[in-house]
Amino acid sequence: MIAIYLILSLLIVIGLFINRNKIFEITFATLFAILQWGMTIYACIHFRNTELGYFTYDALGVLLLLTLSVISVPALIHSYIYLEDQGAPPQSRSIYFASIVLLITAIGAGYLANHIAVTWIFTEITTLSASALIYHHRNKLSLEGTWKYVFICAISITFVFIGILFLSLSLLHAGSDDLSYRNLLENSARMNPFWLRLAFIFIFTGFTAKLGLVPMFTAGIDAKDKAPAPAGALLASVLMNLGFIGIFRFYTVIANTPLHHWANLIIAIAAFLSIFVATVYMIKVKNIKRMLAYSGIEHMGIVMLGVAAGGIGYYAAILHIVLHAFVKSSLFFQFTQLYRVFQDKNIYHVGNYFKYNPTGAMVVLLGFISATAMPPSGLFVSEFLVFKSLFESSQIGLLVGVLLLLTMIIWAFGSNILKILFIPPVDFDDSKVPVISPWESLTQFVLLAAAVYLGLNPPMAFVELIKESILLIPN
Amino acid sequence: MVDVLLIVFLITLFYMSIANRMRTYVKVLALQGFIMFFVVFFQLKEINTLNLIFIMLETIVFKSVAVPVFLDYLIKRNKITREAEPYLPNFVSLIITTFIVIVTILLSNSIIDPYLDKIFFVVALSTIFTGLYFIASRRKIITHVMGYLVIENGVFVLSLAVGNEMPMLVNLGIMLDIFASVLILGIFLNKIGDVFKDVDVDQLTSLKDY
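Just so you know, the sequences run in chain order A and B. Just so you know, we're using our numbering here: the first sequence kicks off at 4 and counts up by one. Just so you know, we're using our numbering here: the second sequence kicks off at 503 and counts up by one.
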């Protein structure tokens, strides 16, 4: 099935790329959505099976694939609305749709890959398709964003490759040459620790460009700012999960070696610095999209803190990354409507959103409550569990530091969001404000509700999937 | 023989660090591709012939002909000045490159590993770090790209070190090479030349937070 999925998606990408007709465009996009869901359901039914040798429908892969499929449908719908509203020329429409389909396919295949090199290849393909999306507007600023993204991603991909080379050196000591995760796990006791350390540092640094952690987070911020918001929603949620899966699968291997504590230390340092950096920028930032992007950095910091703390933290980390994907993508989808009202993304020129689009304003408000992890948000549960795991591993100093930083983030985030919602903007001519259909906010309400539901009352199957993904990590 | 070639490869780095003209950089990159062609030929003995021919074709056609020719074309087309304009004087560059090489030699001497071919490790690591240094110390976007190509050559040398045991990794390295070079050079450098008149990184500072 995965072979059929990849081939059909590739055909759809080519079809979308050469097609200039709107009806065919909708047909192809719908076909792809059906294909994506068909693949997801197939993966759920054939749980734990391996196909083509390189793809396994394991718990973590299936969980994140479900998240991807849930988010990809509204992403396609909002992309269509966005391009209609912009009156984009047929050529740029076809490039946009072809690259968004390619991006979703590559992310999905990257989740399911059971071989570190295959994960790496699909991460490369996401760079290609994401850069086409970032360059959508074809102006000076988007070119700058694209250039920075491509260059930093190219360097980080090279870093991952260097890491894989060191890993292969380490694996030679165990007398094996198969780089699949399962084989790495089996040989984890016999691998050379020196090369394994180097491999972990390089692979971790490389994947941080996708995950959005210190040190390589910068490229992602520019990308999410310059890409059209529906594509930005994918970059800010499911693409970050691809970086997470790259790190987490390799971390599972490391956790079974004596280097476990050392790796935790590296991750904890990167995670804390990410939250710190996010705080500094959140206080200063005046561009709404960049603010949302920095909030993503903060959340990834919390996720990785959960991983570093261990215990219940692993569970919380995976729960958090799924819920964060729902919340952040819904905020990005809402941004397209906000931009249509104000034609600006600077906080100074935006305000009193409740007056112009009450339904959308409710999304912003609920999204803010969710993103800052206030109850009843599902993120409250996962964040609470992360803090609990920090407490249990007696990292009280770290916990206090993180809590202080999070307080500042909530203050900065809140003051900006409340300004958007209630305080009228200066010199804003509201005679030309378009009427926005409340139905456009429906997908965001669904996503936010899903985040609440999965956090507060997780279904049994969901809990089982998370528990199985962390089964291989020793406590 | 491989050792001699790799040492020549290392010397090209020193030459690159004191080179003044853009054209020289392009020539050094072509020379590096040419050296790697022979290194592949002498080093990869246990690989099947078809794969070996593919790898050798890639080094000679892609690394030492196609990329340099395209870089030349870009320099002419975008009317990039012929001077490299580094932030630091050449003498300092030379000292830093030497320092990098010495540190990697010391580092590799501290590693005791029967599976590791040390000369590959030294050359690869110093090439990677020199490439990073080039990126940090040069002003033009195109020299950043050249720094990236130098890093890729270093990675390629490193992948040759394990090439006999895991030929798949050499192929992956080639894939990275072609993919990233085509993406960076082909698509964006062309566009950047159209939009930004003078291709300096100083112009890429408009994306701000407020």
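To be clear, the hints were calculated from the coordinates, so they are not data collected in a lab. Incorrect hints may have been included.
Stated by the list, open to error - Lysine-lysine pairs mimicking BS3-like chemistry, simulated, CA-CA at most 27 Å apart:
| # | chain 1 | residue 1 | chain 2 | residue 2 |
| --- | --- | --- | --- | --- |
| 1 | A | LYS289 | A | LYS143 |
| 2 | A | LYS348 | A | LYS143 |
| 3 | A | LYS143 | B | LYS581 |
| 4 | B | LYS547 | A | LYS143 |
| 5 | B | LYS547 | B | LYS620 |
| 6 | A | LYS391 | A | LYS470 |
What the hints assert, rightly or not - Quick look at which bits of chain A chain B covers, simulated, 3 or more residues with Cβ under 8 Å:
| # | region |
| --- | --- |
| 7 | 120-134 |
| 8 | 223-232 |
| 9 | 384-398 |
| 10 | 415-429 |
Just so you know, even glycine gets a beta-carbon here, dropped at the ideal spot from N, CA and C.
Structure-based check of each hint:
no.: 1; hint: LYS289(A) with LYS143(A); in the structure: holds, 20 Å
no.: 2; hint: LYS348(A) with LYS143(A); in the structure: holds, 17 Å
no.: 3; hint: LYS143(A) with LYS581(B); in the structure: holds, 19 Å
no.: 4; hint: LYS547(B) with LYS143(A); in the structure: violated, 49 Å
no.: 5; hint: LYS547(B) with LYS620(B); in the structure: holds, 18 Å
no.: 6; hint: LYS391(A) with LYS470(A); in the structure: holds, 17 Å
no.: 7; hint: 120-134; in the structure: holds (count 7)
no.: 8; hint: 223-232; in the structure: holds (count 3)
no.: 9; hint: 384-398; in the structure: violated (count 0)
no.: 10; hint: 415-429; in the structure: violated (count 0)
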